[in-house]
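Participant: The lines below spell out each chain.
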Amino acid sequence: MITELGHFALILAFMIAIFQTVVPLIGAHKRWPGWMAVAEPAAQAQFFFTAFAFGALVWAFVTSDFSLRLVTLNSHSAKPMLYKISGTWGNHEGSMLLWVLIVSLFGALASVFGAGLPQTLKARVLAVQASIGVAFFAFILFTSNPFLRLAVPPFDGQDLNPLLQDPGLAFHPPFLYLGYVGLSMAFSFAVAALIEGRVDAAWARWVRPWPLAAWIFLTIGIALGSWWAYYELGWGGFWFWDPVENASFMPWLLAAALLHSAIVVEKRESLKSWTILLAILAFGFSLIGTFIVRSGLLTSVHAFANDAERGIFILMILAFFTGGALTLFAARAQSMQARGVFGLVRREGALVANNILLAVACFVVFFGTLWPIVAEMAFGRKLSVGPPFFNSAFTPFMVLLGMIMPIGAMLPWKRGNLKQVIHKLRYAFVLALALGALAWAVQTGRSALGPVGLFLGSWMVFGALVDLWGRTGSLARLMRLPRADWGKATAHAGLGVTVFAIAGLTAWQQEDIRVAQIGAPFTAGAYEIRLDAVARARGPNYFTTMGTVTVTRAGKSVAVMHPEKRNYPVAKMPTHRGGD
Amino acid sequence: MKNLKKQRRIQVLALAAIALVVATGLIGYAMRDGINYFRSPSQVVETPPPPSEVFRIGGLVEDGSLVRDQGETVSFAVTDGGATVPVTFAGVLPDLFEENQGMVGTGRFINGVFEASEILAKHDETYMPKEVVDALKAQGVYQEPES
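Chains as they are written, first to last, in our numbering: chain H, 1 to 580; chain G, 1001 to 1147.
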């Protein structure tokens, strides 16, 4: 019964979304307040019914209702509760429902928090957002309906893919989707502004929170995914420049660029058309990412079984939204006149440099990701683009970005004085250089990557600290600093830590593959590693063979690890997990 | 004011153009060793690539060819129905690696043996890499999975 209500609610939400697209758009064009005003309640009702449909699906998974095809294929009654719930989005149909739930969530949020927006802009934003919803509601209802029943329900389900039964991956899709779909809000604002023909500082102030939130969620989502890949897939790495990984990385790069260019629109009324273009492209790349993951067009280590028909549907959605928005952009971009002139050696100039570097870096990733398709179609050669490509074509732009970031972050608006900024940063630079040199001296005969990464990373961290301190000068005032300044310093320092971690891992990681005998220790670097015991045990829906590994350094125990090999009998699938 | 605006725009566009040119140059440079061609076992046997070239091979793991118990290295043979190539791999095989299953490996072809540095894992039971499907189809031995 609840399932049927959920299915019905989904169809109802689809109808509301169509209504919410058409009526406010006409209303805003004709300036009819009544027609514009329906956008808000419609957005909230659309969210309510989508949430109800999603809740009904979660309920079916929680109660193990095996009369639902989706539940039978992806769940099992013995599965732990966390994975029963996360199983809802651990499959294609459910994850698309989650996607559209987030589209309508953002629409509803905009209708609640957008009280200060001019009426026409608000009606248009909500209408564009609803049109994205329409496309995905249609996609779900016509190609991937999660509410299909089975005529003869089986006694038990076939279990969720065991690799997905992991806390890292249970929360990876919701965060990733909050990020992907969060960018739809920036897209809606951009298209609404194009229809409106006006972009000003106020517009930028309204838009900015959305890509910021989306970017933060995307960062968390990517981090969760790569943490999972590290220990569950056990390839000894966090990032493989795989098409599916790149699919989430391209919107991340463009969202980062968008965040920075929107600041220029807000503070200096400049870079307007570029910001609009970025907003369109950032969401466009979210759609491209969805297409790459769901179509299976590219061979990926992360590929899941997929379906060509669905790929074509998503491709059509992608073509309609990016093509339509770009056409509108070409017609209307002329009307976005910049107000002031901006200097190159100013904050705004530095932000332009940031945007150029991020956009070009995104272009490189895009090229490397899609080149296999182009090569196969144009030259009939099957090939893959590996990490060496990205390491040498992508890294230089990031290094340059890291070098100028601390300087650019401290340059003032309007009147920039490069000398002054460099003077303030000189200790940070010297200290970072000293750390790099120290690492260079300590290590012998290894690649220069480690020391260089340490220098660059600490330069970025110290730069952020100097910036924070320079703004205040005393601890009491530091605590009263606006949250935006804290956010900026945290994000910049965090990027520095990431740069150092990547370089350090690449340069100093040691891998040793060997067969371990129980009780016979071996050494790796300064550590002694001993396999103490191997035991068999039972989990809720799996059997496991777990080792106990002790790591000692100079006779002192450092860590006890428990690597295990699990066998999920229902899914007929073994997995192994690194010691954590 | 108007002129300065124009000048700025030209400067920014010039910067962007330089960045794009540098990017194109880097892409061209990185393409030389960042690209791995895909070869089916039949193609490898027909025209063996030089031992210096890193490429990808894909096909089915031949029945009864998997030998695990020789220390760190495992060996098996990969086939597309037309030809068979022996493979060695030092490392942990993916969990879903089995005989009669599709696999894709990256490595070099040295003295008639493919020395893999990486074996591609699939995430679920029903997935087969697209290249493997195509290679099997080329030899006419591909069977549609029942679903």
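Keep in mind the hints are simulated off the structure, nothing from the lab. Keep in mind that the hints are not guaranteed to be accurate.
[As the list claims (entries may be wrong)] Derived lysine to aspartate or glutamate pairs resembling EDC-like cross-links, with alpha carbons at most 16 angstroms apart:
{"no.": "1", "chain 1": "H", "residue 1": "414", "chain 2": "H", "residue 2": "196"}
{"no.": "2", "chain 1": "H", "residue 1": "565", "chain 2": "G", "residue 2": "1095"}
{"no.": "3", "chain 1": "H", "residue 1": "414", "chain 2": "H", "residue 2": "528"}
{"no.": "4", "chain 1": "G", "residue 1": "1005", "chain 2": "H", "residue 2": "166"}
{"no.": "5", "chain 1": "G", "residue 1": "1130", "chain 2": "H", "residue 2": "269"}
{"no.": "6", "chain 1": "G", "residue 1": "1130", "chain 2": "H", "residue 2": "166"}
{"no.": "7", "chain 1": "H", "residue 1": "565", "chain 2": "H", "residue 2": "196"}
{"no.": "8", "chain 1": "H", "residue 1": "267", "chain 2": "H", "residue 2": "200"}
{"no.": "9", "chain 1": "H", "residue 1": "30", "chain 2": "H", "residue 2": "269"}
{"no.": "10", "chain 1": "H", "residue 1": "556", "chain 2": "H", "residue 2": "528"}
Participant: If any of the earlier hints don't hold here, list their numbers in rising order.
Facilitator: Checked against the structure, the hints that fail are numbers 1, 3, 4, 5, 6, 7 and 9, while the rest are satisfied.
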